[in-house]
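Novice: Sequence:
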Amino acid sequence: MDGAERRGLGGLRPVAHKVHWTIAEMSDVHKPGLMWRTSHMAHAATFLGLLATGLLLFSPTIRSRLIGGYALQVRSIHCWVGVAFAVATVPFLRPVLRPWRCSARGGAAAVAPWRWRYAHLLFTVAAGVTFTASGLLLWQQHRFGLALADASAWVHLWLTYLAAGVLTVHLAIATIAPRVRVARERVRIAVAAFQTHEHAQ
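Number 330 in this note's numbering belongs to position 115 of the sequence shown; there are no gaps in the numbering.
Read the hints as simulated data drawn from the structure, not as lab findings.
It is possible that some hints are incorrect.
To be verified - Label pairs and their in silico Cβ distance ranges:
no.	residue 1	residue 2	range
1	A257	G380	16 to 24 Å
2	A407	I282	57 to 65 Å
3	H414	G380	45 to 53 Å
C-beta: ideal position from N, C-alpha, C; glycine also.
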């Protein structure tokens, strides 16, 4: 693996050459660099903004109780936050496309050491592209027709449910993983101390 492949997005570096699908490795396959953290936060902020404004658009009852209407303003905000979300998805394209570029050149792609992160990035990009495409069709439905807009609305809605579920799992892993790593390290230290004591005897 060359230096460019090791750096990845924003200076990501593999910390293990063998990844198991455990909670700890899912959360900490790479050490995030500044660009990674910035991209991650921008993507998360725009997605949460879309969830909030999308909920207000989806439920007139909630919208009227919280802000008293303003459907057109909320729709406009939702659309422009969607543009920001699409832009925030772009930095994730490079690490997702790298294995395919390596394969096309006949080289070996370094996917195995970070397969969970790759799967997560692949979903992020695929969902981002689908959200953007379906949202654009809804935004410009007067250009594309009601039939296509209705299909896009269905895709947009169910992808939102799926993405919200993935976000929930992501947050759960991010919360649990540090505790798992601490517990695992304590067990490792205890086992090492016990083995040292046994050898001393």
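Novice: Would you pick out the hints that fail for this structure and give their numbers low to high?
Specialist: none
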